[in-house]
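Top to bottom, those sequences are chains A and B.
Residue numbers for the first sequence, in this note's numbering: 1 to 423.
Residue numbers for the second sequence, in this note's numbering: 1 to 406.
Honestly, I wouldn't trust all of these hints.
[Said to hold, decoys possible] Below are the BS3-like pairs computed for lysine-lysine, each with C-alpha atoms no more than 30 Å apart in a straight line:
| hint | chain 1 | residue 1 | chain 2 | residue 2 |
| --- | --- | --- | --- | --- |
| 1 | B | K96 | B | K61 |
| 2 | A | K42 | A | K349 |
| 3 | A | K181 | A | K277 |
| 4 | A | K349 | B | K30 |
| 5 | A | K415 | B | K140 |
| 6 | B | K53 | A | K415 |
| 7 | B | K325 | B | K96 |
| 8 | B | K61 | A | K346 |
| 9 | B | K30 | A | K415 |
[What the hints assert, rightly or not] Computed beta-carbon distance windows for the label pairs:
| hint | chain 1 | residue 1 | chain 2 | residue 2 | range |
| --- | --- | --- | --- | --- | --- |
| 10 | B | V113 | A | E314 | 51 to 59 Å |
| 11 | A | S151 | B | P241 | 26 to 34 Å |
| 12 | A | K349 | B | P195 | 36 to 44 Å |
| 13 | A | I302 | B | K61 | 42 to 50 Å |
| 14 | B | F122 | A | P303 | 42 to 50 Å |
| 15 | A | M295 | B | C68 | 22 to 30 Å |
| 16 | A | L93 | B | P257 | 16 to 24 Å |
Read the hints as simulated data drawn from the structure, not as lab findings.
Just so it is clear, the structure is predicted and the values come from calculations on it, not from any experiment.
All C-beta atoms in this analysis are idealised placements derived from N, C-alpha and C, irrespective of residue type, glycine included.
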Amino acid sequence: MADDKNSSKTGEKAQASSGPQAQPMPNGDTIVLPAAAAGAGKIALIVGVVSLAIAYFTAGGWQQFSHSYLTAFMWGLSISVGGVWWVMLQHLLGARASVVMRRVGEVIAQGVLLMSVLALVIIVPTVFLHDSTIYQWVNHDYMESSHALHSKVGYLNTTFFFIRMVFYFAFWSLMARWWLKKSMAQDSTKGDVEYTLSLQGKAAPALIGFTIAVTFCAVDFLMSLDAYWFSTIFGIYYFATCVITFHSFLALAIMWLQKKGVLAKSVNAEHFHDIGKMMFAFTCFWSYVGFSQFMLIWYANIPEESHWYHERFEGSWMTASLVLAFFHFIVPFFGMMSRYMKRNPKTLKFWAFYLLAICWFDMYWLVAPNIHHGGVNFQLSDLFAWVGMAGLVVWFFVLKAQKKNLVATGDPRLKRSLAFENI
Amino acid sequence: MTQSTSDNQQPLFGVIAEYDTPTAIYNASKKVRDAGYNRWDTYTPFPIHGIEKAMGIRMTKLPWIVICATLTGLTTAILLQWWTNAVDYKWLISGKPFWSWPANVPIMFELSVLFSAFATIFGMLVLNNLPLFSHPLDLKERFRRVSDDKFFLVIEASDPKFDHGATTELLNATTPVVLEEVRDERTSSTAVPKPLVYILLLGLFGSLVPFALFAKARSSTMREGRIHVVWDMDFSPSYKPQSDNIHYSDERGMRSPVTGTVARGHLNADEHLHLGKQENGTYALTLPSTVAANDDIMKRGKVQFETYCSPCHGTAGDGNGIVHKRAEALGGAWVPPANLLSDHVRSQEAGKLFNTITNGYNSMKGYASQIEAEDRWAIILYLRALQNSQGIAASELPEAERAQLK
């Protein structure tokens with residue numbers, strides 16, 4: 001890679017600040033976050049902590065707060081879990097187009113470390129204090145009250161719940177850290193192809209583990225809110241959200257980095273177009289899965305299944321359900337269809353914020369009917385918990401983005417990625 | 001550089017310039033675009049990124065064609081399902097409404113996709129003037145390398161701006177490797193090849209055969225019985241009511257409920273409401289407290305009575321319904337339905353009547369599976385009204401109705 005060495009000066013500067021062996025960018029782009037940008041992370045942290053505190057005090061009780069928190073938590077979790085998936089997928093497919101953005105994805109995936117800690121707010125009361133406010137199945141008498149529930153005790157009990165939780169978060173954290181570590185190790189080898197090949201092979205089994213984790217995680221956190229209800233497609237439903245929120249966050253993160261002078265030349269309309277396509281595609285996928293779930297349950301009309309939808313069709317929940325269908329599918333479907341929407345950073349930014357918001361509403365729609373029957377009962381704590389979660393997610397991203405090459409300069413496919421064009 | 005062909009009889013098709021590199025043709029395209037030509041094109045062995053901009057090609061109209069097709073597909077699906085299910089051939093499936101949108105979405109989705117896919121493929125062909133069965137460039141020996149390693153730019157003579165001298169000069173300025181005239185020397189026809197036409201026609205007529213068979217089947221009478229295409233569905237292996245089943249020790253196909261369980265909605269906890277019994281076990285004399293004797297219930301009872309009872313017992317309750325009349329006309333063994341206005345029925349307790357409707361009486365079957373308990377009581381209320389309406393003194397009638405009798 002002799003030609004890389006005599007590229008421009010900015011590249012060398014980046015190289016200097018990120019360790020001696022790292023490669024500079026072939027196009028001389030800055031790839032390390034300036035120290036001044038850390039301030040943004042601190043602001044986000046303050047916003048996060050203060051908002052969560054406000055949420056706690058405005059909730060007026062553990063029941064409301066725990067549900068507001070769970071809504072926000074599942075939203076925040078989806079971003080980083082989507083990141084873990086995406087990073088492994090890029091390796092599995094031997095993707096070239098995305099190489100220039102992969103490090104940013106790897107950094108976003110680090111969010112699962114934060115989420116592992118934030119999950120304790122739900123796990124500790126449930127498992128160690130046997131608090132059945134969120135999950136009624138914690139209560140023994142409740143589970144013995146009917147035959148349908150009794151037969152689920154083998155799965156829905158605090159011990160097994162805890163074991164599963166440990167598995168999800170340990171697995172994701174391990175994955176997030178390992179893929180980043182390997183990718184950075186490749187940076188310092190001046191583009192060793194062996195890494196690329198070995199990572200591709202390992203991505204396949206890792207993704208199988210991922211699929212199991214995300215499916216059951218959705219079942220445990222969200223589906224088991226109603227111990228009676230079951231839907232085999234539910235894991236995929238949440239996974240669709242993960243992909244949407246991750247790509248939206250990725251687009252916004254890169255735009256922010258570019259404002260700070262990082263990656264300014266490397267990521268262009270072609271790459272944004274790619275991100276936009278994934279956002280659009282998975283919005284359709286979410287609708288497909290969501291509707292499949294609804295239609296099969298509606299058609300079979302079995303009380304154990306259909307009551308879940310009944311709760312969401314009661315009173316003003318009906319409006320909320322229609323709002324979800326309309327703003328999570330119809331609007332982005334027609335709005336994001338055109339390629340201009342995805343190639344223009346301004347419009348893509350709008351859709352990224354839009355989708356992040358509507359995905360939160362989806363989580364709200366999944367969680368809140370558990371305590372508010374008969375109609376939507378929107379609480380300030382719902383809003384503040386969400387803002388707080390967003391603050392923490394942003395803070396952690398900025399924290400992890402510091403003092404790193406924000407491009408996988410050692411990936412042999414980097415040049416292909418830089419020159420990538422959609423036809 | 002121009003190599004004029006000696007044979008000038010054939011009309012001029014255009015001027016062709018050959019290049020060695022994508023960059024060269026890219027730059028040449030920009031010049032031709034800026035010169036304002038319309039009927040010209042580039043031919044390359046692989047897609048060149050950005051050439052469409054260099055050539056000044058506008059965004060294709062295809063997406064608009066596709067969205068129109070999508071909406072047509074969607075509308076077709078909605079109309080098709082609405083007409084077949086809710087208008088032309090209503091078929092009740094487990095109590096679902098005839099027309100309800102969730103059940104119809106899969107077809108809406110599928111037809112939208114199908115129409116879009118066709119519009120994309122055929123729209124693309126039409127917009128690209130395809131299929132093209134012959135082209136003047138086909139005969140150019142040199143042009144064959146377009147699928148290998150050469151890049152060509154052709155300005156057609158039919159372009160309004162085309163001027164032999166000026167155009168050649170313009171292309172010369174782009175430093176092509178070779179610059180030539182193309183004559184339209186085609187010997188093959190531009191028409192669709194005959195064999196293809198025959199195959200298409202054959203396919204078209206072939207596709208009509210099934211419809212012809214349908215038409216024939218509809219207009220003729222079959223003696224052989226129906227054709228069974230899907231045997232599993234026509235002869236379902238499930239056990240029918242009253243059939244035997246050797247897998248159980250009692251060899252009965254129908255199973256009795258598991259002891260100690262109650263099916264959903266069959267708890268029947270209220271003895272008066274569900275069994276027509278009083279606390280001491282005798283038949284109740286009145287309606288249960290949950291069924292009010294008001295106008296609404298009376299109307300409900302009339303509807304139910306006329307639906308379920310009148311075919312046998314007649315709308316008046318005199319035992320002269322159409323089923324009875326038909327049975328009489330046919331002759332043979334037939335137990336006539338009871339006259340519900342007779343003293344024998346009049347004198348029965350409400351609870352006894354309820355029992356008759358619920359469990360049946362001799363050759364009359366029970367109606368519990370079809371009529372809700374509340375509605376059975378409503379029928380009794382209406383039946384009482386029918387009984388009271390018969391054989392009363394004219395003096396008891398309201399003024400207006402008495403006037404009508406005269």
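(message) Taking 22 to 30 Å as the stated bounds, is the beta-carbon spacing between A/M295 and B/C68 within them?
(response) The hint (22 to 30 Å, Cβ to Cβ) holds, given that A/M295 and B/C68 are roughly 27 Å apart.
(request) Please work out if B/K96 and B/K61 have their alpha carbons no farther apart than 30 Å. (result) violated (43 Å)
(request) Evaluate the given range 42 to 50 Å for the C-beta pair formed by A/I302 and B/K61. (result) holds (48 Å)
(request) Take the C-alpha atoms of B/K30 and A/K415, compute the straight-line distance between them, and say whether it is at most 30 Å. (result) The hint holds at about 27 Å.
(request) With respect to the beta-carbon atoms only, verify the hint that A/L93 and B/P257 lie 16 to 24 Å apart. (result) violated (55 Å)
(message) So if I understand the rule, the pair passes when the alpha-carbon distance is 30 Å or less; does A/K181 with A/K277 pass?
(response) holds (28 Å)
(message) Looking only at beta-carbon atoms, does the pair B/V113, A/E314 fall within the given range of 51 to 59 Å?
(response) violated (34 Å)
(request) Note whether the CB distance of B/F122 and A/P303 lies within 42 to 50 Å or breaks it. (result) Taking Cβ atoms as reference, B/F122 and A/P303 lie about 48 Å apart, which means the hint holds.
(message) Does the beta carbon distance between A/S151 and B/P241 stay inside 26 to 34 Å, or does it fall outside?
(response) The hint (26 to 34 Å, Cβ to Cβ) holds, given that A/S151 and B/P241 are roughly 30 Å apart.
(message) Would the hint linking B/K325 and B/K96 be met if the CA-CA limit is 30 Å?
(response) violated (35 Å)
(request) Go ahead and decide if the range 36 to 44 Å is satisfied by the Cβ distance of A/K349 to B/P195. (result) Violated - the Cβ-Cβ distance for A/K349 and B/P195, about 56 Å, lies outside 36 to 44 Å.
(message) What's the verdict on A/K415 and B/K140, does the C-alpha distance respect the 30 Å limit or exceed it?
(response) Outside the cut-off at roughly 38 Å; violated.
Hint compliance for this structure: hints 1, 4, 5, 7, 10, 12 and 16 are not met, and every other hint is.
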